[in-house]
Amino acid sequence: MTTDFVAETRRASVRSMVFRFQSLFGLVAVFVAAIVFSPSRDGELLFLTSDNLFNVVRAVSEIGIIAVGMTFVILIGGIDLSVGAMLGLAAVGSAVLLVENDFGLVPAVLVVLAVGLGFGLLQGVASAVFGIQAFIVTLAGLQIARGLARIWSGGQGVAIAYGEGPGEAPIAFSLLGERTFNGLVPIPALIFVVVAVLAVLFLRGTAFSRHVYAIGGNEKAARLSGVPVTRVKIVVFGICGLLAALAGIIHAGQLNQGSPNDGLGYELDAIAAVVVGGTSLAGGRGSVVGTVAGALLLGVLNNILALNSVDTNVQLLIKGLVIVVAAGLQRLRPS
Amino acid sequence: MRFLVAVLVLGSVVACGTTSENRSAGPATGAACKGAGGKYVIGMSQANVAEPYRQRMDDDIRAAAKAVPQFEVRFTDAQQDNSRQVADVENFLTQQVDLLIISPNEAKPLTGVVKKAFDKGVPVIVLDRKVEGDAYTTWIGADNVEIGRQAGKYVAEQLLPNGGKVAEIRGLAGSTPARERGDGFRESIRGRRIEIVVSQDGDWLREKGQEKADAILKSTPDIQVIYAHNDPMAEGAYLAARAAGRQDALKFIGIDGLPIPSGGLKAVEAGRLSATLIYPTAGREAIESARRILLDCQQVPKTQTLQTQLITKDNAAQVYAKENPGG
Chain R
1 MTTDFVAETR RASVRSMVFR FQSLFGLVAV FVAAIVFSPS RDGELLFLTS DNLFNVVRAV
61 SEIGIIAVGM TFVILIGGID LSVGAMLGLA AVGSAVLLVE NDFGLVPAVL VVLAVGLGFG
121 LLQGVASAVF GIQAFIVTLA GLQIARGLAR IWSGGQGVAI AYGEGPGEAP IAFSLLGERT
181 FNGLVPIPAL IFVVVAVLAV LFLRGTAFSR HVYAIGGNEK AARLSGVPVT RVKIVVFGIC
241 GLLAALAGII HAGQLNQGSP NDGLGYELDA IAAVVVGGTS LAGGRGSVVG TVAGALLLGV
301 LNNILALNSV DTNVQLLIKG LVIVVAAGLQ RLRPS
Chain U
336 MRFLVAVLVL GSVVACGTTS ENRSAGPATG AACKGAGGKY VIGMSQANVA EPYRQRMDDD
396 IRAAAKAVPQ FEVRFTDAQQ DNSRQVADVE NFLTQQVDLL IISPNEAKPL TGVVKKAFDK
456 GVPVIVLDRK VEGDAYTTWI GADNVEIGRQ AGKYVAEQLL PNGGKVAEIR GLAGSTPARE
516 RGDGFRESIR GRRIEIVVSQ DGDWLREKGQ EKADAILKST PDIQVIYAHN DPMAEGAYLA
576 ARAAGRQDAL KFIGIDGLPI PSGGLKAVEA GRLSATLIYP TAGREAIESA RRILLDCQQV
636 PKTQTLQTQL ITKDNAAQVY AKENPGG
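Heads up: the sequence lines are chains R and U, in that order.
Residues in the first sequence are numbered from 1 upward in steps of one, following my numbering.
Residues in the second sequence are numbered from 336 upward in steps of one, following my numbering.
Mixed in with the good hints there might be a few duds.
[As the list claims (entries may be wrong)] From the structure, some residues in chain R lie toward chain U, with a derived Cβ separation under 7 Å:
{"#": "1", "residue": "Leu46"}
{"#": "2", "residue": "Asn55"}
{"#": "3", "residue": "Ala59"}
{"#": "4", "residue": "Ala159"}
{"#": "5", "residue": "Gly163"}
{"#": "6", "residue": "Leu255"}
{"#": "7", "residue": "Asn256"}
{"#": "8", "residue": "Ser309"}
{"#": "9", "residue": "Thr312"}
{"#": "10", "residue": "Gln315"}
Don't read these hints as lab results, they were simulated from the structure.
Here the structure is a predicted model, which is why all the values come from computation and not from measurement.
The beta carbon of each residue, even a glycine, is placed where N, CA and C say it ideally should be.
Could you put together the complete structure from these sequences and hints?
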């Protein structure tokens, strides 16, 4: 009887371990598959070339940064549909401030980050204080942010030219499109890594992180046990807006332009990364590490499909299947 | 857990091993031409295939490349996202394509990655929309101002020789073709007693064209011609007029003349539109240039401007048949 119990517990803990690192296993599996299916040229696997691996990380960096913020929101049982539009607003804001208003680099970045933070906090207030569902608040936020981006830009993309003169952005801003360490590591990828590491540390052991998980697990219980639910929720939406704005700044720097149409549909890619990373849409369960793995998994998948010149329409089918499988695996998870 | 670590370590070891070997090899630079005996992979990076014009461009490239056994063309679709198109081109560079064809989503954001390809020694053919600077091999496209001029000339000479009132349904606000098609038209009708009494944005979309024409027919019922910046919007305007019972009193003119069943050529042939002007996809010309660069080792001109053609009921069926040989 006791030995059965012990075996049972051990099995359960192995299972929970597997699920805890589900997204990492998934990432490793997709990575290995990418190696297996990699086209090669002159005896070298194209997928594993350093250029290509860094391309993958660069390509997911914006979505990855957004997805980190989205993880917080989803952990409290919310959702943020406004992040793609916020990216567009931030990209436009960066371009307009740098080029048309001749802001310096630091003031422009700070203003744009403040816009993102403020916008997120307002959405948090609407959701937490006035009790409107996050889906609806941020759906409205999406429209508002797009509208603001269109007004701010005059309806079209604002090109960023670099130089010292008036109407030119500081050359330092163009570094966002560059690579460092011998021209190898893209700057956006570095920023993504820094954001991810900070978020992981932030979600480990701080009181705030316990509150986030508690609210997502059972909001009423959290409130009764003294968690400042309203404040935590507002801050979480603020973080998400802030990170979306950061991604928008990177977007403008990489493409030398801020356009009101930037980031269309990015919210869905970010949600996909979070879900594939094993975070439950019901809240209370998941991790930033998972999200980072999820974003990388989707990036590697995109890359290997592209390197094999798989038809774009078929790519959509495959990516859809991967998301469903990832979500399906969660149902098997021990509760 | 131990297994996981082992796999990760193994993975990174493999990754590092390949990385260091590859750095010395480097991408092949210099002449891309290996003559007619070589095999070539061409990457075609399309901005989006939601617009029928761009789908047709891909189809034209595919059809033209079939006639060149040395060519294999790979297609990507950036779905109107500049970032995605940058990644598409990067992936083509990883695949070490021998030549890049790109129809950019927007000029500025794609300029950098096109330059990167060009600097690596990959010949680049830019179609339709341009990129900035001169780090590309050749640009092939049509002159939208000239197309607008021809449309204006047709209206002034054929539809309204004694002057009259025109409504304009424009392309997406802020887009270059919308501005150019509008400007060219205005240039041609100047001094002809023709007046553009109303001008609205239809965003290139059929349903928007219909919606705007609905409103125009109510607000300014005395217009005689509707000039739309593309065929789908002209077709939408026709639908609005038909709903109001005024389709025979009005004349409709569009631009693009796509040789597909839902395109402008068929609409002119059926009599819904009075005329359209061909906006060539440059797909066939792109493969022709690729052939000259890769197989014949020849130079191609930096700028290749394609001619438009006025399509009326007289030549619509004939041009359609010519563009779709074998049905």
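Status of the hints after comparison with the structure:
1. At about 5 Å, the closest approach between the beta carbon of Leu46/R and any beta carbon in chain U falls short of 7 Å, and the interface hint on this residue holds.
2. A least Cβ separation of about 5 Å between Asn55/R and chain U falls short of the 7 Å threshold, and the interface hint therefore holds.
3. With a cut of 7 Å, the hint placing Ala59/R at the interface with chain U holds, because the nearest CB-to-CB distance is about 4 Å.
4. With 7 Å as the threshold, the beta carbon of Ala159/R comes within range of chain U, its nearest partner Cβ sitting at about 5 Å, so the hint holds.
5. Given the 7 Å rule on beta carbons, the hint for Gly163/R is violated: about 15 Å separates it from the nearest Cβ of chain U.
6. Against a cut-off of 7 Å between C-beta atoms, the interface hint on Leu255/R holds, since the closest Cβ of chain U lies about 4 Å away.
7. Nearest Cβ of chain U to the Cβ of Asn256/R: about 5 Å, under the 7 Å cut. The hint holds.
8. About 4 Å separates the beta-carbon of Ser309/R from the nearest beta-carbon of chain U, less than 7 Å, and the hint is met.
9. Taking 7 Å as the C-beta contact cut-off toward chain U, the hint placing Thr312/R at the interface holds, the least distance being around 4 Å.
10. Here the hint on Gln315/R is broken, as its CB sits about 9 Å from the closest CB of chain U, past 7 Å.
Checked against the numbered hints given earlier, this structure breaks hints 5, 10; the rest are met.
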